[in-house]
Every structure is written in C-alpha cells, then in structure tokens.
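Participant: Given next are the chains, with one letter for each unit.
Number of protein chains: 4
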Amino acid sequence: MHPVYASDCEFAGTLGEMTLREIVELHPLPGGDFRDALLRCAEECLDCGGSCTACADASLSESDLAELTGVIRVCLDCADVCEATARIATRQTRPDIRLVRATIEACATTCVACAEECDRHAAHHEHCRICADVCRRCKAACDEVLAF
Amino acid sequence: MHPVYASDCEFAGTLGEMTLREIVELHPLPGGDFRDALLRCAEECLDCGGSCTACADASLSESDLAELTGVIRVCLDCADVCEATARIATRQTRPDIRLVRATIEACATTCVACAEECDRHAAHHEHCRICADVCRRCKAACDEVLAF
Amino acid sequence: MHPVYASDCEFAGTLGEMTLREIVELHPLPGGDFRDALLRCAEECLDCGGSCTACADASLSESDLAELTGVIRVCLDCADVCEATARIATRQTRPDIRLVRATIEACATTCVACAEECDRHAAHHEHCRICADVCRRCKAACDEVLAF
Amino acid sequence: MHPVYASDCEFAGTLGEMTLREIVELHPLPGGDFRDALLRCAEECLDCGGSCTACADASLSESDLAELTGVIRVCLDCADVCEATARIATRQTRPDIRLVRATIEACATTCVACAEECDRHAAHHEHCRICADVCRRCKAACDEVLAF
Numbered sequence: 098m099h100p101v102y103a104s105d106c107e108f109a110g111t112l113g114e115m116t117l118r119e120i121v122e123l124h125p126l127p128g129g130d131f132r133d134a135l136l137r138c139a140e141e142c143l144d145c146g147g148s149c150t151a152c153a154d155a156s157l158s159e160s161d162l163a164e165l166t167g168v169i170r171v172c173l174d175c176a177d178v179c180e181a182t183a184r185i186a187t188r189q190t191r192p193d194i195r196l197v198r199a200t201i202e203a204c205a206t207t208c209v210a211c212a213e214e215c216d217r218h219a220a221h222h223e224h225c226r227i228c229a230d231v232c233r234r235c236k237a238a239c240d241e242v243l244a245f
Numbered sequence: 098m099h100p101v102y103a104s105d106c107e108f109a110g111t112l113g114e115m116t117l118r119e120i121v122e123l124h125p126l127p128g129g130d131f132r133d134a135l136l137r138c139a140e141e142c143l144d145c146g147g148s149c150t151a152c153a154d155a156s157l158s159e160s161d162l163a164e165l166t167g168v169i170r171v172c173l174d175c176a177d178v179c180e181a182t183a184r185i186a187t188r189q190t191r192p193d194i195r196l197v198r199a200t201i202e203a204c205a206t207t208c209v210a211c212a213e214e215c216d217r218h219a220a221h222h223e224h225c226r227i228c229a230d231v232c233r234r235c236k237a238a239c240d241e242v243l244a245f
Numbered sequence: 098m099h100p101v102y103a104s105d106c107e108f109a110g111t112l113g114e115m116t117l118r119e120i121v122e123l124h125p126l127p128g129g130d131f132r133d134a135l136l137r138c139a140e141e142c143l144d145c146g147g148s149c150t151a152c153a154d155a156s157l158s159e160s161d162l163a164e165l166t167g168v169i170r171v172c173l174d175c176a177d178v179c180e181a182t183a184r185i186a187t188r189q190t191r192p193d194i195r196l197v198r199a200t201i202e203a204c205a206t207t208c209v210a211c212a213e214e215c216d217r218h219a220a221h222h223e224h225c226r227i228c229a230d231v232c233r234r235c236k237a238a239c240d241e242v243l244a245f
Numbered sequence: 098m099h100p101v102y103a104s105d106c107e108f109a110g111t112l113g114e115m116t117l118r119e120i121v122e123l124h125p126l127p128g129g130d131f132r133d134a135l136l137r138c139a140e141e142c143l144d145c146g147g148s149c150t151a152c153a154d155a156s157l158s159e160s161d162l163a164e165l166t167g168v169i170r171v172c173l174d175c176a177d178v179c180e181a182t183a184r185i186a187t188r189q190t191r192p193d194i195r196l197v198r199a200t201i202e203a204c205a206t207t208c209v210a211c212a213e214e215c216d217r218h219a220a221h222h223e224h225c226r227i228c229a230d231v232c233r234r235c236k237a238a239c240d241e242v243l244a245f
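Chains A, B, C and D are the protein sequences, given in the same order.
According to my numbering, the stretch in the first sequence is residues 98 to 245, in order.
According to my numbering, the stretch in the second sequence is residues 98 to 245, in order.
According to my numbering, the stretch in the third sequence is residues 98 to 245, in order.
According to my numbering, the stretch in the fourth sequence is residues 98 to 245, in order.
Only chain A is shown next, with the shape it has when bound in the complex (with noise of 0.2 Å):
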C-alpha cells in the first residue's frame, strides 16, 4: 500500500497535505468553509496535474505509443487546466467568484473527459489506471468547492 494511504497517519486516505495549507491558513482574511473546500480543491488539482503530466510522459515511452495518443492529449491539456485552476482556488484576495466557479466548472470536465480516457487503457497500462483515479479525485475535489 502507497505510504500516503497507511492507516496510522493522520491524512489517511487522502493526499498529504502540502505547504500551501499553512500559508493559505495564514492569510490576513477570515477563512471558514468555503475556503477549506478550495484548499482541497488546490491539493488535488497539483496532485493531478503533476500525475497528468508523468501519465503523458510514461506513455509517450510505451511500445503500443500509437494507440496512446489520446491519452498523451488529454492528460496534455488535463495538467494545464488542473496547474491554473489550483493557482486560481489557492489565491484569497478579492475573488470574483464567477470567474473562479468558471475554472473549477472546466476542471471538473477536464478530469472527467481524461478519467474516462485513461480508463480505456487501464487493463493494460496501469499508469493509466492510477492517472483515472486522481483525475476523480480532484474532480470530486472541484465538485465540493461547486456545491457551495
């Protein structure tokens, strides 16, 4: 079992937390659930950036590379809108929360549209079926911050 998963850490079954948490706590404007829930959504979208990014890469290395060029673009443009969107729930200051529900909103579909990507070749590449799931990770991260 992955370490970030073992049953005696406080984090168990989530991501570990990341620096950001304290500073964003830190923040000279009173924070409360709403922010709590775009923390979060920051966390998974940097943990599924960074996966979209080594996912693209593994398999622009695999043997079958011509049936992957699928998931090598989506997990392309998975990483970009999952980089911008955890920028965007990080930031505190004077939000415009159209804008914000906008990115997060597009987030959601862009880790929707390469879950189902990546799942099409879960069986035999199992990057891709560790990529599907941090990709509902976050959109299920996305869909918290929506609900408000």
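Simulated from the structure, these hints should not be mistaken for lab results.
It cannot be assumed that every hint is accurate.
List time: in silico DMTMM-like cross-link candidates among lysine to aspartate or glutamate, alpha-carbon distance up to 20 Å [stated by the list, open to error]:
1. Lys236(B) x Glu202(A)
2. Lys236(D) x Glu202(C)
3. Lys236(C) x Glu202(D)
Following the hints, position chains B, C and D against chain A.
Facilitator: Coordinates of chains B, C and D only, in the frame set by chain A:
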C-alpha cells in the same frame, strides 16, 4: 497608432500572426473553419495572457497600489487561464470537444471579469485601459469558437 | 506540528508523497538513483510553487502591502520557475541532460532569491517564514539532482 | 510568404508586436535598453512557447510518431521553460537580477536543445523546420539580454 494596427498590413485590426499558426496549418490532420477559430483564440489568449502579466506587474509598482489589489488578483488569474486555454486551443490531435468548450467558456468568463475590473481603473491607468481592451478581444475570439 | 511531519509516518520529515511518484515509478524505461532525485525535485517544486503562489497572495492582502512588493514579485517568479521545473523533472522520456540541468540550476538560483527576500519579512509575516523554508527545501532537492 | 514578414510592414522580419509591449512601456518605473531587450525576449518566448506546443502536437499525429518521441519531449520542455521565462522577462517590478539571468540562461540552453532535435527531422517535417527556426530566434533574444 501601434504598428500592429497599421492600415497597410494584411492583418490590420488584429494581433500580428504568430509562428504557431504556420505550424498548426501543417498539422497532418485536415483543418477547416473550426481550426481557424481555435487558432485565432489561441493567438488572442497568448496576447491576453502576456498583457495581464504585464498589467499586474505595472499595478504592483503604482503609487496607488492599495487601490489595485483587485486588478492584480484578476490579472494573475486571467494570465493563468489564458495560457492554459492557448495550449488547448493550439492542440489539434484527438480533441475532447467537451473539455475544449468548457475551457474556452471559462476563459471567456475570466476575460469579462478582468475587463470589468480593469475598466474601473482605466481613467487613471492607461495600462488598465489597454488590458481591458485585450481581454475583450480575447473574449470575442473565445465566443467565435463557442458559436460552432 | 504539521501532520506531514508527524513522527509516526513513513515519510516523516518530508513532504507527503504525491501520486506522480507512483506513476513515474511505472515508467517503461528503467529508473535508478538519478530518477529518484528527479522525483524528489519534482515533488518539492510542486510544493514550493504552490507555496509561493499562496505567499504572494497573502502578501497582497496585508496592511503593509507597500513593503511587500519585492516578496510578491519574487514569489510570482519562483512559482513560475518551480512549476516548469516540476514538469521537466517529472518527464523521463528521452531527456536532454543539458536542458534538465540548466532548468534545475535556474530553479535553485530562484529558490535562493525567494528565500532571501521572504526571510527579510519572516519576523512579522509567518507566511513569509514558511515560504522561505519551503524554498530552501526545494533548493536542496535541486542540488541533489545537480550533484549527479 | 507569411504576412508577418511582408516587406511593407514596419515590423518586417520580426514577430508582430504584442500588446504586452504597450503595457510594459507604461510601467511606472523608468525603462531603457535593458527593458527593451527583456521585452523582445518576452515576445520571442511567447512565440516560441506556442510554436513548441504546436510542434509537439503535430508530431503526435504523424504516421512516423515512434521516430518523433524525442521531438515531443523536448518541445514540451521548451514550451514550459519559454512560458515561465516570458513571464519573468515581462515583469519590471523589483527584479532579482541573478534570478532573471539564470532563467534566461536556462531558456537559451533549452532553445538550443529543441532546435537541434527539431533540425534532425526538418527534412521530412516542415513543422519541425519552422520550430527549429523559432527556437533559434528565441535563443538570440535571450542572448541579447545576457549580453548586458
């Protein structure tokens, strides 16, 4: 008048073409009107992203900085969304249309938010006036894609 | 104490592992000590990039904003360099070693500049103190790669 | 001939100017020759970054894809470095000169690596030939900054 808009140039009234257009037009898959709209969108996104980075930075050096925190926040967000959207609109290989549309919709919403905030400071900061204009051009280029 | 550093966790004293590590370890090309160093570098770059985005944003809402323009500038730069470096350190397919080294050298230099500027404000802004620390951790992870 | 290079235009032989130039020229701090060199660098980095994204994507759709994994890898890296460098060269507020130089040096090295790999495929893929050219232009613009 800025040379890009000089009347004796083929691309009068628009951004000068970028090299990415030449390359995308050589893409092995067939193009068409939708590709042309994506390309205009990609070019405007790169111009808008760079302009928002510059406007956030100019605002950071203004003597009325405390009045400009909203401009800085939204310009940083807009630069991030525009640059991610530029990459997605540039790619032609096996696009997921839901993903492409959702991203460009988020970009259009972001450009409107940035133009509105910059407009509030346009009378006393010329860089905000120009940034609002480029955001509106980028929004229009996004809308052209979304009209398909 | 921050849970990531809790002593009963396997990854005590370091950033919680990210999913990209699992994926990179499944890369079809063989790994080794250099890959391990690249992976630590990629993880620290993502943590540092997110932290710098958060520190720039917290600074933008501080009442002594006018004293913090240097922090904001260098944190924006450091976020950009760290995120580009994270992607490059993540990729394992056919690397150009000159390119990889030059990028990681620039990241190390950037992290030092950011840590120095944040240190100047660490006494009165805890987010600057934490940001300086994460920059030093990222610099150390860059140096580990450069030692090969 | 590509319209940007048409002989009756003021910016013949160079990239069309981008709106970021107008904005940076309005920056409240005084400019000079170094700022001009940074601006050319920023514009070339944006052109090169977009072109590398497009060349990686065109390569992904080519029938000899398996021969082009090195091009795809280096174009992805070059797009990431160029876009980070464009942002840093655009910002004028309180620059850390070590950081600016280190980033632009990494960009110059990256552009050389990308041009060399694209050149290897220039005879059979016109998009690789054009991409190699834009990398060399970007490298030259980096060198202009580094000559100060």
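Participant: Against the 20 Å threshold, does the CA-CA distance of lysine 236(C) and glutamate 202(D) hold or violate the hint?
Facilitator: Between lysine 236(C) and glutamate 202(D) the Cα gap is close to 18 Å, so the pair holds against 20 Å.
Participant: Given the hint that lysine 236(B) pairs with glutamate 202(A), does the C-alpha gap stay at or below 20 Å?
Facilitator: Measuring from Cα to Cα gives roughly 18 Å; hence the hint holds.
Participant: Assess, step by step, whether the Cα of lysine 236(D) is no farther than 20 Å from the Cα of glutamate 202(C), and give holds or violated.
Facilitator: 18 Å, holds
When held up to the earlier numbered hints, the structure conflicts with none and fits them all.
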